[in-house]
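Keeping their order, the protein sequence lines are chains A, B, C and D. Under the numbering used here, the letters of the first sequence match residues 3 to 335, in that order. Under the numbering used here, the letters of the second sequence match residues 3 to 335, in that order. Under the numbering used here, the letters of the third sequence match residues 3 to 335, in that order. Under the numbering used here, the letters of the fourth sequence match residues 3 to 335, in that order.
Be aware that one or more of the hints could be misleading.
It does not matter which identical chain is used: a pair holds within one copy or between any two.
What the hints assert, rightly or not - Straight-line alpha carbon distances no greater than 20 Å define the calculated SDA-like cross-link-like pairs of lysine to any residue that follow: (1) Lys292 / Ile102; (2) Lys276 / Ala26; (3) Lys323 / Gly206; (4) Lys276 / Ser326; (5) Lys276 / Gly248; (6) Lys276 / Glu188; (7) Lys43 / Val111.
For the record, the hints were derived by calculation from the structure and aren't laboratory data.
4 protein chains.
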Amino acid sequence: MSIGISVFGSGRIGVIHARNVARAAGARIVSIMNPNRALAKPLAEELGVPVVASAQEALCDPAVHAVIICTPTSTHVDLIEQVARAGRAIMCEKPLDLAIERVDRAMAVLEETGVPFMLSFNRRFDPGVAALRSAVEAGEVGDLNMLSLTSRDPAPPPIAYVRQSGGYFADSTIHDIDLACWITGELPAEVYATGSCLVDPAIGAEGDCDTAMSILKMLSGVLVHINNSRRAVYGFDQRIEAFGSGGMVQTANQHNDNVLRSGADGFARQSPLKHFFLERYEASFALALKEFVSAVREGRAPSATQRDGRNALIIARACEKSRSTGQAVRPRF
Amino acid sequence: MSIGISVFGSGRIGVIHARNVARAAGARIVSIMNPNRALAKPLAEELGVPVVASAQEALCDPAVHAVIICTPTSTHVDLIEQVARAGRAIMCEKPLDLAIERVDRAMAVLEETGVPFMLSFNRRFDPGVAALRSAVEAGEVGDLNMLSLTSRDPAPPPIAYVRQSGGYFADSTIHDIDLACWITGELPAEVYATGSCLVDPAIGAEGDCDTAMSILKMLSGVLVHINNSRRAVYGFDQRIEAFGSGGMVQTANQHNDNVLRSGADGFARQSPLKHFFLERYEASFALALKEFVSAVREGRAPSATQRDGRNALIIARACEKSRSTGQAVRPRF
Amino acid sequence: MSIGISVFGSGRIGVIHARNVARAAGARIVSIMNPNRALAKPLAEELGVPVVASAQEALCDPAVHAVIICTPTSTHVDLIEQVARAGRAIMCEKPLDLAIERVDRAMAVLEETGVPFMLSFNRRFDPGVAALRSAVEAGEVGDLNMLSLTSRDPAPPPIAYVRQSGGYFADSTIHDIDLACWITGELPAEVYATGSCLVDPAIGAEGDCDTAMSILKMLSGVLVHINNSRRAVYGFDQRIEAFGSGGMVQTANQHNDNVLRSGADGFARQSPLKHFFLERYEASFALALKEFVSAVREGRAPSATQRDGRNALIIARACEKSRSTGQAVRPRF
Amino acid sequence: MSIGISVFGSGRIGVIHARNVARAAGARIVSIMNPNRALAKPLAEELGVPVVASAQEALCDPAVHAVIICTPTSTHVDLIEQVARAGRAIMCEKPLDLAIERVDRAMAVLEETGVPFMLSFNRRFDPGVAALRSAVEAGEVGDLNMLSLTSRDPAPPPIAYVRQSGGYFADSTIHDIDLACWITGELPAEVYATGSCLVDPAIGAEGDCDTAMSILKMLSGVLVHINNSRRAVYGFDQRIEAFGSGGMVQTANQHNDNVLRSGADGFARQSPLKHFFLERYEASFALALKEFVSAVREGRAPSATQRDGRNALIIARACEKSRSTGQAVRPRF
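Full structure from sequences and hints, please.
If you want it as structure tokens, here you go:
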């Protein structure tokens, strides 16, 4: 039997999830939910499903076995509560919420209802990232000593986005934080982060930074470095390097094609990088959905949990606090 | 309106085409044809379509607007004739036939009936190959001077396959020959080829070779080199290099993932190559189908024609003749 | 006229300097100084020069225009004072001393006497490092935003070496610190460093670390990351990455040869890295000497000064303090 | 005792050899020979040795134990005869001569006199080339199946040079031919070559080509491909690929530095290639001299012989004949 799914939200990420559901084995798209029906209409028509205007309306349909929440962050916790109480499985875009108290409320409801829940840390499902983590787990680098994550966006977002983002660490570094914890298999004992505003002065005017470096000292002593920038003119720069007693494993960037060009201006230059997360992590969204559908069908917990999301948020908040105080912070989980 | 397609044959390639049709926009799978119905059953059930036992049976169905022929080579010409006379569009696996006279018969029927016809030179549709050709066309290497194609299989085929293959040049080099003509935009004035049996003595016992090098001197003087091997222990090695007055463009091999490993045994070694043509050229099969469907819908000729197939076969035959005589051959088209 | 040089010390680095002097244009080797004459004899015989047993003896010879000091760190300041008061130019191995007060005494004498002085920060003279810095200076990365330095030794030193090294930051990170200040052209406002003992427990037993990460926030807001390990089984890993508003420049590791190997165990793996600093930075020692000789001949200050050495030591001490207190430190210069 | 060497000729190559002799362990430069003394004067002064105006004058000096011949090709055989009869060891630039009969005369004299003789096939001594050949010899590619050599000059020579060059194959391809025989350890049974004039019409007007491809089928069946161009706008392109039953070994091009640049116009483009043979093969000239000096000192035959030169010339002539007749040629050695 295939899992019927309603997608809540029809923005950039909603479109990806809805199309992936329509293509996925073992799942089918049942409805698109958007309080502003007109916004969801093109997507719903493309996929041949109805638009519903509320969670309640979506959940009335017994064909809806699961919900993917891609609405604005501020609505996540309320929707999780509503969907969980209706007994449906949930995949939710990160972050759960920007406030730990509200995250805790969602976690309480999820624990109470016991519905399957997956947080969409899609980068874990990128084939290169997953291969690096498998290599680390399989001992290919021996004992892990250091992990470095580089994550730089091609261009800064509009300032309106920055304003409601929860700050650079909670908005962007959180992806790297989750990967750091997932790859090392542990949590940080101490966090230090610092940031500068070197890309867009308007970001600095909001009290936020656009260029950041963090160090996480994990409980075992493994050291993690994360560097982020809101602008890399050569494209979306996404690299991870795991280093240990037995060697090193690195993920390389991905290009639009595998063609090398040589001319009077240089030898063997590669094609441009895949533009941004929609292109670079295209496969990972589909693979994350596949994991969610499998988990729901098999009645098991998906591999990226609300606990992971809570931990990442606490660490991101510790980074933010470290940046503002200039001191290292010991996060409490 | 979507194009209804019947896939003739349900072997390795038939499975690919049938699944791609099932996924493609603008097309839908109508039936699978196999005289041995049992062989086609699993595929037909997977896709929810009926098995038919003959071309005639398939063509009775008015929902079939086009046919993809993936049956054994010896059946291609007769099937083309039958389908063309029934007025349906055709995509046919290469080669059309191993004998020029039979190819000419198919071409006469196709000309007479005027049905859209596409030869499945799928490698043209590989994104890297297509990007290289576009770069050459756009003048990125200036005037083209030399083209080199490396095409090495991971492991030799069973000897039974070799026996009915038409020889190494007509079976395998023909792909590189087609790409050479397509990328340079011209035909060879002179062809030299030589081969050795260095991989499997059983191949030599059949009078065939498993290690081959060819040079095509095109009409304009552009020089083309092709090298082929039936065995590359490091995987399916597929590279093209275009060189000219303004520079060079090269396609790189594709790996299972973009992870680099460094250890006591070496620095930055890449992951294994994509295993063989099903994996390496996966995208190209889907893109070739897309071109066929678009051409049929738009009522235009597809971009890889029976003429291209005939030319490639003549050149492959000239290579074979050059190998056996030890002399260069001037092919006549 | 060529500059006559006496090399003080005949250990690993003394041998390099003495041989380089013997080969250098514009300089000639005059004597080797070692209180234990027997230790210096083989080198002196190889180069055909006398051994002298003290600085005094070396400086009696009017043919000695300059001295290169490669004796143990604890002797540097006294020797600098003696040589400077004798009016000879000095090139001195880093560090000047492990105590700032003694560094200040050396600086006072150097200022008083005005003799040309160069600190042997040889890595600045590595062609790749120099090319990266030139690219940054020339604006090839636009405004610099982030700088990352990876410096990992192939294997940990004997514990006796660690004991007298002054700690990991003053012994090893100091090279990266100097490069960071030299490439960015500025000093850090704030320094954070942390370390773990993951390589050799004996190092931890000394209170030192063997795996370290540092962040330097420069006065302009540019962020610098340094990571160090006492052990990289794949070899001496030396990479720098400069990132800015206009792009990125990276130095790549250097291999024993430029040969790529592909086999059943992987595709295109590179040869081993150049083993350690004597091999990797071979050219840089000769180029540093060239700069020193040129500066002495032209009567100008060499490009790596005692001030640079003092700054780097202060920053290394700040890293050490940050590691032990777990807090960021604002160094005072 | 060090070997006293007189360098005959003071052109581009003469300068390299003379300077290398001056720097080499175990050898010293004694004189520079040039009938036009004025041309040799700057080099002689730089090295502090006299100019002599004739071979006779050079050979009068008993301090001359060996001669390096870097005069125009047409003078090689006469000089070899003169020097050999004077009992001195000889290193001679390639080719020995453009006519086989004259090569045979030189060989007869060398056999008669028994003086040590080395032909300056310097590329064999390039560290990358030597590593590739060692890997092949050590069985790293299993049984060798195919060898490909790419050799493209940055820019065409003046037409006056082309006129006296002996043709593209004898002038340039001969280097690749020698490497092919040296790496495979055998001679070709059959040779096919073709060429076009695509770079400079003036070269075609001389009956020569500037773009060439050759295939050598070795006696064992191993296939060799060589491609040459007189112009590669991205620089001196020198690559070799050895492929066999156990894998592949490739030499990579060499760059001015190991710096990668990424910007809005592309990711990770490498620095320009080393400009031409003086830069690219700088090390190989010194290493070839080292081999010559060692062989003379040890009284053994150097590793690149007159026989190797004769074989390469015969093969180059066979390529030329194949190009002009359009037919494969079976060379006779």
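Identify every previously stated hint that the structure contradicts and give their numbers, smallest first. 1, 2, 4, 6, 7
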